[in-house]
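Asker: In case you want the letters, here they are:
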Amino acid sequence: MAKTNAIEVKNLVKTYGNVYALKNVDLNIADGEYFVLLGPSGGGKTTLLRSIGGFIRPDSGSVNIKGQNVDDLPPDRRPTSMVFQGFALFPHMNVSQNIGYGLKLKSIDKNVIENKVNKMMDLVGLKGLSNRMPHELSGGQQQRVQLARALILENDVLLLDEPLSALDAQLRKDMCIELKRLQKTVGISFVHVTHNQEEAMSVADRIAIIADGEMVEQGTPKEIYSNPKNKFTAEFIGEKNIFEGRIKDFNKTKVVVDIDNDNIEIANNNYKVEKNQKVSLSIKSESIQIKKMSKTNSKVSNNQIVGKISEITFLGQFVRYLVVLNNNQEIQVRSYEEIVNLKVHDTVSLSWKLEDFLLHQN
Amino acid sequence: MSLRDDFQPRWKLTLKWGWLSFAVFILMAPVFYTMYISFNELGFGAKYYIFTFQWYESVFSDKQLIGSLGWTMLLAIITLPIVIPFGLLSAKLYKQSQHKVGIVFVLLSPLFVPADILGSALLVFFKNLNKFFTLISEYTGIYALESWFDLGIMTAVIGLIVYTLPYVFVVIMITMARYKVEQTEAARDLGASAWRAFWEIEFPQIRAGVFSACAFVVILTFNEYTRTSLLKGGFDTFTSVLISQMLNTGMSEESYAMASIVSLVAIIIVSIILIVTAIKTEELEKITRVVKEPNK
Chain Y
1 MAKTNAIEVK NLVKTYGNVY ALKNVDLNIA DGEYFVLLGP SGGGKTTLLR
51 SIGGFIRPDS GSVNIKGQNV DDLPPDRRPT SMVFQGFALF PHMNVSQNIG
101 YGLKLKSIDK NVIENKVNKM MDLVGLKGLS NRMPHELSGG QQQRVQLARA
151 LILENDVLLL DEPLSALDAQ LRKDMCIELK RLQKTVGISF VHVTHNQEEA
201 MSVADRIAII ADGEMVEQGT PKEIYSNPKN KFTAEFIGEK NIFEGRIKDF
251 NKTKVVVDID NDNIEIANNN YKVEKNQKVS LSIKSESIQI KKMSKTNSKV
301 SNNQIVGKIS EITFLGQFVR YLVVLNNNQE IQVRSYEEIV NLKVHDTVSL
351 SWKLEDFLLH QN
Chain E
1 MSLRDDFQPR WKLTLKWGWL SFAVFILMAP VFYTMYISFN ELGFGAKYYI
51 FTFQWYESVF SDKQLIGSLG WTMLLAIITL PIVIPFGLLS AKLYKQSQHK
101 VGIVFVLLSP LFVPADILGS ALLVFFKNLN KFFTLISEYT GIYALESWFD
151 LGIMTAVIGL IVYTLPYVFV VIMITMARYK VEQTEAARDL GASAWRAFWE
201 IEFPQIRAGV FSACAFVVIL TFNEYTRTSL LKGGFDTFTS VLISQMLNTG
251 MSEESYAMAS IVSLVAIIIV SIILIVTAIK TEELEKITRV VKEPNK
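Protein chains in written order, with the working numbering: chain Y, 1 to 362; chain E, 1 to 296.
It is worth saying that the hints were derived from the structure and are not from the lab. Worth double-checking, as some hints may not be accurate.
Quick list of in silico lysine to aspartate or glutamate cross-link-like pairs, EDC-like style, CA-CA up to 20 Å [to be verified]:
| id | chain 1 | residue 1 | chain 2 | residue 2 |
| --- | --- | --- | --- | --- |
| 1 | Y | Lys106 | E | Glu200 |
| 2 | E | Lys92 | E | Glu200 |
| 3 | Y | Lys104 | E | Glu200 |
| 4 | Y | Lys110 | E | Glu200 |
| 5 | E | Lys180 | Y | Asp76 |
| 6 | Y | Lys104 | E | Glu202 |
| 7 | Y | Lys272 | Y | Glu217 |
| 8 | Y | Lys184 | Y | Asp156 |
| 9 | Y | Lys229 | Y | Glu198 |
| 10 | E | Lys180 | Y | Glu198 |
| 11 | E | Lys180 | Y | Asp156 |
Partial list, computed: chain Y residues near chain E (C-beta under 8 Å) [what the hints assert, rightly or not]:
| id | residue |
| --- | --- |
| 12 | Asn28 |
| 13 | Ala30 |
| 14 | Phe55 |
| 15 | Leu153 |
Using N, Cα and C, we set each Cβ at its ideal position, and we do this for glycine too.
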């Protein structure tokens, strides 16, 4: 059975003066889905999140939550809860008062509040800290209090605005696992804003890339990482191997792209292209094979480029080679094993499988 | 802010503290000297010192002085509930607005106008307003409007509001600067109305500033002479009476006693505010430190 939509955003527009923060954004988030809004800072993802939460009134467009139009509802009347970037705990209240504040506002019986607060503290791993003041907690614990405070209201949607940005790398990884576990336990939709690609990949069921107020692309983490349709997405998720060129030739199975007089042959993945059309190509650094060129194997084919190694960096799980091509473009090659005979300044050939290159329309 | 610098010679630090203590002494010495004289039965300039409370007893039996104290307290009490919400709203507006310089200019501008000029301007304004209302009352037959802007408590309170609002605004604004608006958003998100979010979340964190502002208003009301004298009429407020007594009879021992009482009350109030603010600041700094360095 198809999942119903928890959130439907239609044609959302928000401007600040002459600047568009959101340009006709459409978005559907399914019930029980962990959805991540990923993009560079200032791209509009927080504006979108705050529009869903009711903290910003958009210029036009609409937001439906669980089928109900919420355009005219303030935050306190929307079925959403928000986790804020800067923790936003109430410093004059202890942990249990912070968590129970939303229930207190609903005039719920004190004993019921106490029970629910205790259960929620168990769920987020805060057992035994009920009387601590916020300043007596670590960053991770403060974030858990925020989560508990938001989840205790049992709303349909949890909005998370860069919830892990103030934490260190290891704690961020742990909290990602924790967030995913929590989302599965409570079963509601989570909408998580981040500019961190790794964070997005590790928690999301689906990711939307947002930049310059526009929805660039949506898909599962695998689709976004392995098969980005948009050049911006390819660049943003960390792929620096982007080539600009023109279509030289194509048939049903192959496309040949002229890049500064080097021909790159790629598989035709039903691309709609024309001869001489400007396009971009991208390839993952781990999909490139690197090989030292000897004087005897100096012949170059259509799926091969020649360059010189400018830098070799050992990065723990893999080795990164920076290769400078004849046109001075720098290419990254990632190898999970160090290739013994390669040194800086060596001339190397780079090759790939036809299907590893992706074509993006400019 | 600390005066300490780990690399400076100790004598420099001693010199800085010495200079500060000297400045405070110079500022406060006349007040303490006034107190000293107020306990001398023989009064100012006497060769001998005989300790007594008699001048304080006389103060409390001086009906005119006590009456003027009452008038001034009444003005302060009426001014407070009007000017504090004004200041609070102005500070909130300042925090939310993108035109901060404009707001500061508008709110602080009464400070740049000399007291006697502002007082006389308001006096003329109220006189003309009174004429206008008298005219309206004659045309409409609603004679209650006739004396609306007669000099009295209302006009004096308006003058005090104009005078104290900049101070109230600045004091509350400073406290409010530390408050994170996200907390109000969090409260609203949890279901609080705008009022509850203010009262239960924001107010407890800016309370020290609001109380400081209240104390300022009371002290400024006692301190104010020109505007209150011009706008209230009757020259019966505390400072007016005290000054007129001094002008007529010179500084009497009673005046020393009264001045001592007022100074002592002001010093106590300000000390309490400073201590409470210092404690609160320390607490807030501790919180800020934890938020800035969250991964303990």
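Asker: Run every hint past the structure and note whether it holds.
Answerer: Verification of the hints:
In summary, the hint linking Lys106/Y to Glu200/E is supported, as the alpha carbons are separated by about 14 Å, within the 20 Å threshold. For a cut-off of 20 Å, the pair hint linking Lys92/E to Glu200/E stands: about 16 Å separates their Cα positions. Straight-line distance between C-alpha atoms of Lys104/Y and Glu200/E comes to about 12 Å, which keeps the hinted pair within the 20 Å bound. A threshold of 20 Å between alpha carbons decides the hint, and for Lys110/Y with Glu200/E the separation of about 18 Å falls inside it, so the pair holds.
Between Lys180/E and Asp76/Y the CA atoms are separated by roughly 19 Å; this keeps the pair inside 20 Å, and the hint holds. Our distance criterion of 20 Å between C-alpha atoms is met by Lys104/Y and Glu202/E, whose separation comes to about 17 Å. A C-alpha spacing of about 18 Å is found between Lys272/Y and Glu217/Y, which places the hinted pair at or below 20 Å, so the restraint holds. A distance of roughly 13 Å separates the Cα atoms of Lys184/Y and Asp156/Y; the hinted pair therefore holds under the 20 Å criterion.
Only pairs whose Cα atoms come within 20 Å are accepted, and Lys229/Y paired with Glu198/Y is accepted, the gap being roughly 19 Å. A C-alpha spacing of about 29 Å is found between Lys180/E and Glu198/Y, which places the hinted pair above 20 Å, so the restraint is violated. A threshold of 20 Å between alpha carbons decides the hint, and for Lys180/E with Asp156/Y the separation of about 27 Å lies outside it, so the pair is violated. The restraint placing Asn28/Y at the interface with chain E is violated, with a minimum CB-CB distance near 23 Å, outside the 8 Å limit.
Given the 8 Å rule on beta carbons, the hint for Ala30/Y is violated: about 23 Å separates it from the nearest Cβ of chain E. The beta carbon of Phe55/Y is positioned within 8 Å of a beta carbon in chain E (closest approach about 6 Å), and the interface hint is therefore held. Given the 8 Å rule on beta carbons, the hint for Leu153/Y holds: about 7 Å separates it from the nearest Cβ of chain E.
Violated hints, listed in ascending order, are 10, 11, 12, 13; each of the other numbered hints is respected by the structure.
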